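Chemist: Residue numbers (the working numbering), protein chains in the order written: chain A, 14 to 104; chain B, 451 to 1129.
Just so you know, the hints here were simulated from the structure itself, not pulled from any lab data. Please read these numbers as outputs of a predicted model, since none were measured by experiment. Any given hint might turn out to be false.
Unchecked claim - For lysine to aspartate or glutamate, the following EDC-like pairs were computed, each having C-alpha atoms within a straight-line distance of at most 20 Å: (1) K17/A - D869/B; (2) K722/B - E42/A; (3) K17/A - E523/B; (4) K17/A - E525/B; (5) K722/B - E32/A; (6) K54/A - E712/B; (7) K708/B - E35/A; (8) K98/A - E712/B; (9) K708/B - E96/A; (10) K722/B - E35/A; (11) K26/A - D869/B; (12) K732/B - E32/A; (13) K741/B - E16/A; (14) K721/B - E42/A; (15) K26/A - E524/B; (16) K729/B - E49/A; (17) K581/B - E16/A; (18) K17/A - D711/B; (19) K732/B - E35/A; (20) K708/B - E16/A; (21) K729/B - E16/A; (22) K721/B - E35/A; (23) K54/A - D638/B; (24) K98/A - D711/B; (25) K54/A - E523/B.
Unchecked claim - What follows is a set of in silico ranges between Cβ atoms, one per label pair, in the way DEER data are often shown: (26) R929/B - E42/A: 15 to 21 Å; (27) K98/A - R840/B: 20 to 26 Å; (28) I757/B - E16/A: 51 to 57 Å; (29) P742/B - K98/A: 46 to 52 Å; (30) S40/A - P489/B: 39 to 45 Å; (31) E42/A - W739/B: 27 to 33 Å; (32) K98/A - L1116/B: 55 to 61 Å; (33) E620/B - S24/A: 27 to 33 Å; (34) S24/A - W964/B: 28 to 34 Å; (35) P945/B - K98/A: 35 to 41 Å.
Even for Gly, the Cβ is constructed at its ideal location relative to N, Cα and C.
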Amino acid sequence: MFEKLIQLLNSGKTFTQYELSEQRGISPETLQSYIEYLHRKGLLSQIVMGAENTACSGSCKACAGCKACAAKQPSVMVPVLWEIKDKIEIK
Amino acid sequence: MTSVSSNRITIALLGQPNSGKSTLFNGLTGARQRVGNWPGKTVEKKEGHFDRNGIRYRVTDLPGTYSLSANSEEEIITRDYIASGEADVVCILADSSQLSRSLFMLADYAGINCPAVLLLNLMDIANSQGKTIDAAKIEERLGIPVVPFVAADTKHYDAFYKAIDRAFKEKSIINSDSLFAKYRGIQDGSYEKLLNLMPKEGIDNFSADWLSAKLIEGDTAILEKAHKTLSFEAYKEVQTVLSSVQNGALETAGCKFKWIDELLEGAVVQKKEKKLLSKFDKIATHQRWGKPLAVLIILLGLITSFIPATPIMLAGSMIPKLGEPIANALTVISAPQMLINFINQVVLNTLYFAVAMIGFVFGVNLVFGFLEEVGYMARVSYVFDSAMARLGLQGKAVMPLVVSFGCTIGGAAGTRVIDSWGQKVLTIALAWVVPCAATWAIVPVISSLFFGAWAPLIIVAIFIVAGLHMLITAKVFGRKLVREEDRAGLIMELPPYHRPRWKALLRSIFVRTWDILSRALRIIFVVSLVFWLLTYSASGNQEQTLLYRFGKAIEPVTKVLGFTWQTFLAYFASMVSKEAALGVLGSLYLGADTLFSATVASGGQVASGLGSVLLTSLTQPAALAFIFAVTFNAPCLMAITSTYQETRSLKWTLRILGYYFITSLLLAFLVYHISGLFL
C-alpha cells in the first residue's frame, strides 16, 4: 500500500504515474487517489510550472520578457510533478 | 435521535468538494433555503426543506471536505454535526466518474452509527467515459441503499427519495466489518488494544471501531473525547498504546483504500480504451532507449525544419538585390547619399535576416509545438531524469532546463521550484548551455549560408557539444554548489498521448513565431543602425572611423581565436542578445564596401548582397567558430539579469558569466583550428 509507494519514492528516483501503477498493480486512477491523499496530508508537494511561476510569478513588475504570459503558458510545457517532502520512515 | 418523528426527517448532505452537493441541495430545496453560519464559526451553513407525501424533509448541506479527520474547521463542523445525531440520514455523495478517489469519504464514514445512503452522482459522465457501475453489487456489499444518480437532473430524484425513506426505516448502517478486519492488521495489533479500551457502545454516534481508528490516526480531538469519557487508567493505557504507533494515518488510509478497491472490484467495468501508442510509449520512456530516441526525435525535428525553411531563406537572399534598383531610383531623384546607404545597409539588411530566419523559426516551433501537443515532450523530461542525477541535480531541475529550450530567462525563473540554493545556481549555470529559441533563429541562417546542405550536421554537432558542455560545467561548478544530498523522490504526471488540436497548436505557433521574429527585427534593426552610424564616414572611407581602428587593433588577438574583428564584435554583441550578432555582422561587413561602391561605382557590391559579402569575407572554419562561440556564449543580457535576480549573488552571476565568456572563446579557438584541418 502506502508503505511500498513511499519506499519507492524514498529511493530518490523519478517515476511516471504509469510506471508506479504498474509496479503497484493498481489502476492509475487509484494511484491518483493515493497521490491526492498524500498531498492533502502534506507528504507530497505538487510542483506545477505554469506561466505564473516562471519568469514573472504573474507580476508585471518582475517582467523579464520571457513572453510566457502572452502565450498564456511557459515557453515550453512541462509536466506536473509530485515531490516527496522529507523521507518518511516506514517500518 | 432528536428529530425522529413520523412526519419529519432530517437529511445531511456529505461529500468532497465538487461531488455535486450544492446541485443536489438546490435541486431538493429550491427557494426554500436559509443561509447562515455554523454557530461560532465563519463557515457557511446552508439549510432548507422540502415536503413529500406529508413528510417534511429538512436538508443540511455540510461543508465540502475530503475526509472526517480534524484537519480543518470544515471537517470538525461536519464531524460534530454527525456526532450530534441531528441528522436521521446522511447522504454521502461520490463522483462516479472517479469512484476510487471520491469514496474515501465513505470509507472515513464507515463506523459511524448513523443511517446512510450512497449517491453515485455524475453517473452520466461515468457512462460517457465508458464506465458501467453495478450499484446493486455495491449496495449488497455495503448494506446501505446505493443510488446511481445525476444531481443536475432534478426531474428524476425518485430513486433518491425512496432510498432516503428506506435508509430511515431500516436504519441502514454501512457494513464495515471487512474494513475493521484490516485495521486489526495495523502495527502490533494497536487497533485491537484500543478497541478493548473504548466504551462498547462508542461515544455519541461514533462506534468504538471508528474511534479506535481515529486514535491511531493521531486525531487529537478524539483523544480529548476519550480523555473525558474514559477512566484515568484506561486513558493512560490508550496513551501507552498510541506511543508505539507510527504513521498511523497512513496505515488506516491504506486500509481504507484497500477496502474501497475490494468494494469496487467487479462492480466498475471500464470499457477498454484503445491504447493510443502504448507500444511506442514503452520505448519512449524506456530506461535505455528513451534517451537516444528523444535525441533522435529532437534532432530530426530540427533538421526537418530546414525543409520548409530553405526555400524561404533563398527568397530572403533576393532582398539585398533590391538595393541596386532602389539606389538607382533614389539617385535619380537626388536623394541624400546617407539615405540610400541607410536603406541598403540597415533596412534591407534587417529584412534579409528576418526573411531568412522566419522559415526556421516557424519550422522549429511547428515541430516542437507538435511534439509538445501530442504529449511527447513530457516524456523527454522524464527520460533525462537519470542524466539530471549524473549532473548532480535534483529530478525537478529538468523542468527549468526544458523551459530554457524556449527561453533562458524562463528557465532561470523556473528554478524557483528548487529549494536548495546551490542546486538552484547549478541549474541556472547549466540552463545557460541549453540553446534557446533565439539560437535556433540565427544559427541555421548562418549555417545554411556557409554550409548549404551540410547545415543540419552543425545542429547535430551543437547538440553533442551541449551535452559535453553540461557534463564539464556540472563538474566545474558542482563541487562548490552541491553537497552530497539526497534526491527527493518524484512522481511525474505524464499527459496521455492525444491527437493534436491543430487550431490551437497553429495559433500558439504563430504567436511564438511572431514573438521571436518581431523581437529579432527590432534588435537587428537597432543594432544595425547603431553600428552603421559608428562606422559611417562621410568621406566614404570607413577605415577612418574609431570602431574600425579599434577593430583592426584587436584583430591580431581575435585572429588567434578564430575571429575577424567583425565577427568578434558580433560575438560580443551576442551577449546582449543573440539576434544582435546578426545586426553587427551585417553592418560591419556591408559597411565600407557598399559605401564605397554606392558612391563611387554603380552599386555592384550592393547587388551582390550581404550573403555573398559574408561568404567572400569569412572562411568556413571562421564561420563555424563564430557559430559555436555565439551559441555557447552567455544567452543574453536579460538572462544575466534574471540569473542575478534568482541567485541573489553578484559573485556567482559574474562567475557564471566569466566562465561562459572564456569557454565560448576557447570553444571557438578549438573549432576554428580543428575544422581548419579539414575544411
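Chemist: In this structure, is the beta-carbon distance linking E620/B and S24/A contained in 27 to 33 Å?
Modeler: Between E620/B and S24/A, where Cβ atoms are some 50 Å apart, the hint is violated.
Chemist: Starting from the hint 46 to 52 Å, judge whether the C-beta atoms of P742/B and K98/A obey it.
Modeler: 34 Å Cβ-Cβ, so the 46 to 52 Å window is violated.
Chemist: Please verify whether K732/B and E35/A have alpha carbons no more than 20 Å apart.
Modeler: holds, 12 Å
Chemist: Does the Cβ distance between S24/A and W964/B fall inside 28 to 34 Å?
Modeler: violated, 45 Å
Chemist: Regarding the pair K54/A and E523/B, is the alpha-carbon distance no greater than 20 Å?
Modeler: Answer holds: K54/A to E523/B is near 16 Å, not above 20 Å.
Chemist: Hey, K54/A versus E712/B, does the alpha-carbon distance stay inside 20 Å?
Modeler: violated, 23 Å
Chemist: What's the verdict on K17/A and E523/B, does the C-alpha distance respect the 20 Å limit or exceed it?
Modeler: Roughly 32 Å separates the two Cα atoms, so the pair is violated.
Chemist: Is the hinted pair K708/B and E96/A satisfied, with a Cα-Cα distance of at most 20 Å?
Modeler: Not OK: K708/B and E96/A at ~23 Å, beyond 20 Å, violated.
Chemist: Does the structure keep K26/A and D869/B at a Cα separation of 20 Å or less?
Modeler: Measuring from Cα to Cα gives roughly 17 Å; hence the hint holds.
Chemist: Are the Cα atoms of K722/B and E32/A separated by 20 Å or less?
Modeler: Answer holds: K722/B to E32/A is near 19 Å, not above 20 Å.
Chemist: Just to be careful, I want the Cα atoms of K741/B and E16/A compared with a cutoff of 20 Å; is the pair within it?
Modeler: Between K741/B and E16/A the Cα gap is close to 30 Å, so the pair fails against 20 Å, i.e. violated.
Chemist: Does 35 to 41 Å hold as the CB distance between P945/B and K98/A, or does it fail?
Modeler: violated, 24 Å
Violated hints for the displayed structure, listed by number in ascending order: 1, 3, 4, 6, 8, 9, 13, 15, 16, 17, 21, 23, 24, 26, 29, 32, 33, 34 and 35.
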